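Going by the numbering used here, the first residue of the sequence shown is number 270, and it counts up by one from there.
In case anyone wonders, no lab produced these hints; they're calculated from the structure. On a predicted model such as this, the values are computed, not experimentally measured, just so you know. We put the CB at the ideal spot given by N, CA and C, even for glycine. Careful, some of the hints might be misleading.
DMTMM-like, lysine to aspartate or glutamate: derived pairs with alpha carbons at most 25 Å apart [as the list claims (entries may be wrong)]: (1) Lys392 / Glu368; (2) Lys360 / Glu412; (3) Lys397 / Asp422; (4) Lys397 / Glu412; (5) Lys425 / Glu402; (6) Lys296 / Glu345; (7) Lys360 / Glu391; (8) Lys406 / Glu368; (9) Lys392 / Asp415; (10) Lys360 / Glu280; (11) Lys348 / Glu337; (12) Lys348 / Glu280; (13) Lys406 / Glu391; (14) Lys296 / Glu368; (15) Lys392 / Glu402; (16) Lys392 / Glu412; (17) Lys288 / Glu315; (18) Lys397 / Glu409; (19) Lys397 / Glu368; (20) Lys296 / Glu315; (21) Lys406 / Glu395; (22) Lys348 / Asp314; (23) Lys348 / Glu315; (24) Lys425 / Glu412; (25) Lys348 / Glu293; (26) Lys296 / Glu280; (27) Lys360 / Glu302; (28) Lys292 / Glu302; (29) Lys406 / Asp427.
Computed beta-carbon distance windows for the label pairs [stated by the list, open to error]: (30) Leu414 / Thr340: 58 to 64 Å; (31) Glu302 / Thr353: 42 to 48 Å; (32) Glu391 / Leu352: 48 to 54 Å; (33) Asn300 / Lys406: 54 to 60 Å; (34) Glu337 / Arg410: 48 to 54 Å; (35) Glu324 / Gly358: 29 to 35 Å; (36) Thr340 / Glu409: 52 to 58 Å.
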Amino acid sequence: TEDKQPNNDFESIILSVLKNIPKENGKYSYNTEADSTVFHVLVQDEFVYLCLALETFPQSIAYNFLSEIRTRFQPEHFKRRALTAGPHGMKHMFGHILESITGHYNAIHQNETGDNINEVFEKIEEVKDAMTENVGKVLERGECLDTLLIRADGIKQDVSIICSIIF
270 TEDKQPNNDF ESIILSVLKN IPKENGKYSY NTEADSTVFH VLVQDEFVYL
320 CLALETFPQS IAYNFLSEIR TRFQPEHFKR RALTAGPHGM KHMFGHILES
370 ITGHYNAIHQ NETGDNINEV FEKIEEVKDA MTENVGKVLE RGECLDTLLI
420 RADGIKQDVS IICSIIF
């Protein structure tokens with residue numbers, strides 16, 4: 270790919286990122302100058318796994334995504350095919366798997382940023398209602414205990430009077 274001329278800005282950015290990726294196993298991130306995106310890269314056993322995400326997308330989710338892609342790509346038939354495949358050569362074999370994993374991790378991100386906040390507020394309301402109910406029950410029990418203590422004292426006094434009369 271080094272001798273090809275890029276035919277658009279995106280391709281030139283990708284070529285620039287690919288040229289800068291170390292050969293050593295590891296995790297790397299590259300900010301793009303054009304917009305608010307980041308290329309997250311996982312290098313493992315001479316294979317490069319790459320994703321493009323917004324800067325606001327959590328890096329941990331991006332690397333978990335790349336790790337899952339790497340795990341799913343482990344079977345030898347994928348690796349052998351990848352070594353000889355041209356551009357888009359893996360789309361037929363691996364495209365549906367990639368689409369499924371991408372959907373899953375996008376859903377995780379949406380839950381972490383949007384619906385999760387609503388769920389937290391709902392749970393807070395549930396806990397608040399339960400605590401209010403429990404405090405009410407404790408107060409009722411406290412009143413009942415006070416009444417029982419007063420009655421017990423009255424019975425104790427009555428028993429003492431009866432005992433003093435009898436004995």
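To see whether the hints hold, each was checked on the structure:
1. Lys392 / Glu368: Given that 25 Å is the threshold and the Cα spacing comes to 33 Å, the pair is violated.
2. Lys360 / Glu412: 72 Å, violated
3. Lys397 / Asp422: 37 Å, violated
4. Lys397 / Glu412: 23 Å, holds
5. Lys425 / Glu402: Violated, at roughly 34 Å.
6. Lys296 / Glu345: 23 Å, holds
7. Lys360 / Glu391: Not OK: Lys360 and Glu391 at ~42 Å, beyond 25 Å, violated.
8. Lys406 / Glu368: Cα-Cα ~53 Å, so violated.
9. Lys392 / Asp415: Not OK: Lys392 and Asp415 at ~34 Å, beyond 25 Å, violated.
10. Lys360 / Glu280: 18 Å, holds
11. Lys348 / Glu337: Holds, at roughly 15 Å.
12. Lys348 / Glu280: Given pair Lys348, Glu280 holds - Cα atoms ~24 Å apart, limit 25 Å.
13. Lys406 / Glu391: Judged against 25 Å, a Cα distance of about 23 Å means the pair holds.
14. Lys296 / Glu368: 22 Å, holds
15. Lys392 / Glu402: 15 Å, holds
16. Lys392 / Glu412: Given that 25 Å is the threshold and the Cα spacing comes to 30 Å, the pair is violated.
17. Lys288 / Glu315: Measuring from Cα to Cα gives roughly 14 Å; hence the hint holds.
18. Lys397 / Glu409: Answer holds: Lys397 to Glu409 is near 18 Å, not above 25 Å.
19. Lys397 / Glu368: 41 Å, violated
20. Lys296 / Glu315: Roughly 13 Å separates the two Cα atoms, so the pair holds.
21. Lys406 / Glu395: 17 Å, holds
22. Lys348 / Asp314: 11 Å, holds
23. Lys348 / Glu315: 11 Å, holds
24. Lys425 / Glu412: 20 Å, holds
25. Lys348 / Glu293: This hinted pair holds, its Cα atoms lying about 18 Å apart.
26. Lys296 / Glu280: 22 Å, holds
27. Lys360 / Glu302: Violated. Lys360 to Glu302 sits at ~28 Å, over the 25 Å cutoff.
28. Lys292 / Glu302: It holds: about 23 Å lies between the C-alpha atoms, which stays within 25 Å.
29. Lys406 / Asp427: 31 Å, violated
30. Leu414 / Thr340: 58 to 64 Å: Since the Cβ atoms of Leu414 and Thr340 sit about 60 Å apart, the hinted range of 58 to 64 Å holds.
31. Glu302 / Thr353: 42 to 48 Å: 34 Å, violated
32. Glu391 / Leu352: 48 to 54 Å: Holds: the Cβ-Cβ distance is about 50 Å, inside 48 to 54 Å.
33. Asn300 / Lys406: 54 to 60 Å: Holds: the Cβ-Cβ distance is about 56 Å, inside 54 to 60 Å.
34. Glu337 / Arg410: 48 to 54 Å: 52 Å, holds
35. Glu324 / Gly358: 29 to 35 Å: 31 Å, holds
36. Thr340 / Glu409: 52 to 58 Å: Holds, at about 56 Å.
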